[in-house]
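Peer 1: Sequence:
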Amino acid sequence: MNIILFGPPGAGKGTQAKLLQDEFNIPHLSTGDIFRAAIKNKTPLGVKVKSILDSGELVPDQTVVDLVADELSKDKYQEGYILDGFPRTVVQAEAFDAFLENNNDELDAFILLSVPEEELIKRILSRGEGRSDDTEEKVKTRLQVYREETRPVMKHYKKQGKVQEIDGIGTIDEIFGRIKNALS
Numbered sequence: 001m002n003i004i005l006f007g008p009p010g011a012g013k014g015t016q017a018k019l020l021q022d023e024f025n026i027p028h029l030s031t032g033d034i035f036r037a038a039i040k041n042k043t044p045l046g047v048k049v050k051s052i053l054d055s056g057e058l059v060p061d062q063t064v065v066d067l068v069a070d071e072l073s074k075d076k077y078q079e080g081y082i083l084d085g086f087p088r089t090v091v092q093a094e095a096f097d098a099f100l101e102n103n104n105d106e107l108d109a110f111i112l113l114s115v116p117e118e119e120l121i122k123r124i125l126s127r128g129e130g131r132s133d134d135t136e137e138k139v140k141t142r143l144q145v146y147r148e149e150t151r152p153v154m155k156h157y158k159k160q161g162k163v164q165e166i167d168g169i170g171t172i173d174e175i176f177g178r179i180k181n182a183l184s
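Numbering (UniProt numbering), first residue to last: 1 to 184.
Source of the hints: derived by calculation from the structure; they are not laboratory data.
Treat the hints with care, since some could be wrong.
Said to hold, decoys possible - Simulated pairs of lysine-lysine, BS3-like, Cα-Cα distance not exceeding 30 Å:
1) Lys138 / Lys40
2) Lys74 / Lys48
3) Lys140 / Lys74
4) Lys122 / Lys74
5) Lys180 / Lys162
6) Lys18 / Lys40
7) Lys122 / Lys140
8) Lys158 / Lys140
9) Lys155 / Lys180
10) Lys42 / Lys180
11) Lys42 / Lys76
12) Lys40 / Lys159
13) Lys76 / Lys122
14) Lys50 / Lys155
15) Lys140 / Lys155
16) Lys140 / Lys48
17) Lys159 / Lys18
18) Lys159 / Lys180
19) Lys76 / Lys18
20) Lys138 / Lys74
21) Lys140 / Lys159
22) Lys76 / Lys40
23) Lys74 / Lys18
24) Lys140 / Lys76
25) Lys76 / Lys162
26) Lys18 / Lys50
27) Lys122 / Lys180
28) Lys74 / Lys50
29) Lys162 / Lys48
30) Lys18 / Lys42
31) Lys138 / Lys50
32) Lys162 / Lys140
33) Lys155 / Lys18
34) Lys18 / Lys122
35) Lys158 / Lys18
Stated by the list, open to error - Listed next, with one range per pair, are the computed distances between beta-carbon atoms:
36) Asp167 / Ser126: 12 to 22 Å
37) Asp108 / Glu137: 18 to 28 Å
38) Ala182 / Asp75: 26 to 36 Å
39) Gln62 / Thr141: 21 to 31 Å
40) Glu174 / Lys48: 34 to 44 Å
The structure displayed is predicted, hence computed values, not measured ones.
Note that beta-carbon positions come from the ideal geometry of N, C-alpha and C, so glycine has one too.
Please model the complete structure; the sequences and the hints are all you need to start from.
Peer 2: Structure follows, in structure tokens:
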């Protein structure tokens with residue numbers, strides 16, 4: 001099963017992806033985790049990505065697409081995967097569609113976690129990850145970038161009939177239950 005877990009920063013994608021991974025025994029691929037590891041290890045990609053993220057911007061499409069395609073070519077993803085943080089732009093979505101087609105594969109579900117903006121800001125500022133862009137001003141910039149550049153990805157997949165919108169308010173288990181129902 002190939003799943004895209006989608007939503008704005010703070011919607012709970014990482015938390016829900018880990019639960020889905022355990023439930024369906026398929027790997028979770030988070031571009032954010034890959035980038036954070038690169039930043040922590042001060043790789044050339046990590047240094048580049050850190051400066052981009054510190055300014056509240058998104059990593060260039062081609063960098064992200066190449067990273068994800070390379071990762072998904074590994075054997076552990078043959079039975080499916082959960083994508084979290086990808087695709088973030090329509091260009092990335094189109095490149096991912098081409099990747100799937102070239103590999104005779106398809107997207108099974110596009111799960112959109114819907115959470116009001118006030119709640120997103122509260123969650124991000126209280127989660128304490130210590131990210132350099134976790135200030136109220138930077139969070140608002142990230143949400144603006146999401147609205148302008150990332151939300152159109154949902155429309156791309158809506159045209160394909162893949163989008164299932166899930167209420168992202170409630171306990172972790174309540175939200176997970178809604179996702180499982182949508183996938184069954």
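Peer 1: Run every hint past the structure and note whether it holds.
Peer 2: Structure-based check of each hint:
1. Lys138 / Lys40: Status holds; Cα separation ~21 Å.
2. Lys74 / Lys48: 24 Å, holds
3. Lys140 / Lys74: 36 Å, violated
4. Lys122 / Lys74: 37 Å, violated
5. Lys180 / Lys162: Given pair Lys180, Lys162 holds - Cα atoms ~15 Å apart, limit 30 Å.
6. Lys18 / Lys40: 21 Å, holds
7. Lys122 / Lys140: 11 Å, holds
8. Lys158 / Lys140: Between Lys158 and Lys140 the Cα gap is close to 26 Å, so the pair holds against 30 Å.
9. Lys155 / Lys180: It holds: about 22 Å lies between the C-alpha atoms, which stays within 30 Å.
10. Lys42 / Lys180: Outside the cut-off at roughly 37 Å; violated.
11. Lys42 / Lys76: Roughly 26 Å separates the two Cα atoms, so the pair holds.
12. Lys40 / Lys159: Violated: Lys40 and Lys159 sit about 38 Å apart, past 30 Å.
13. Lys76 / Lys122: Not satisfied, since the Cα-Cα distance of roughly 36 Å exceeds 30 Å.
14. Lys50 / Lys155: 29 Å, holds
15. Lys140 / Lys155: 22 Å, holds
16. Lys140 / Lys48: Given pair Lys140, Lys48 holds - Cα atoms ~22 Å apart, limit 30 Å.
17. Lys159 / Lys18: 28 Å, holds
18. Lys159 / Lys180: With Cα atoms ~23 Å apart, Lys159 and Lys180 stay inside 30 Å; holds.
19. Lys76 / Lys18: Holds, at about 16 Å.
20. Lys138 / Lys74: 35 Å, violated
21. Lys140 / Lys159: Satisfied, since the Cα-Cα distance of roughly 28 Å is no more than 30 Å.
22. Lys76 / Lys40: Distance of about 24 Å is within 30 Å: holds.
23. Lys74 / Lys18: 19 Å, holds
24. Lys140 / Lys76: 36 Å, violated
25. Lys76 / Lys162: With a Cα-Cα distance of about 24 Å, the restraint between Lys76 and Lys162 holds, given a limit of 30 Å.
26. Lys18 / Lys50: Holds, because 24 Å separates the two Cα atoms, which is no more than 30 Å.
27. Lys122 / Lys180: 26 Å, holds
28. Lys74 / Lys50: 26 Å, holds
29. Lys162 / Lys48: 33 Å, violated
30. Lys18 / Lys42: 26 Å, holds
31. Lys138 / Lys50: Roughly 14 Å between the alpha carbons, so the hint for Lys138 and Lys50 holds.
32. Lys162 / Lys140: 28 Å, holds
33. Lys155 / Lys18: 25 Å, holds
34. Lys18 / Lys122: 22 Å, holds
35. Lys158 / Lys18: 25 Å, holds
36. Asp167 / Ser126: 12 to 22 Å: 20 Å, holds
37. Asp108 / Glu137: 18 to 28 Å: Between Asp108 and Glu137, where Cβ atoms are some 38 Å apart, the hint is violated.
38. Ala182 / Asp75: 26 to 36 Å: Since Ala182 and Asp75 have Cβ atoms about 28 Å apart, the given range 26 to 36 Å holds.
39. Gln62 / Thr141: 21 to 31 Å: Holds: the Cβ-Cβ distance is about 23 Å, inside 21 to 31 Å.
40. Glu174 / Lys48: 34 to 44 Å: 39 Å, holds
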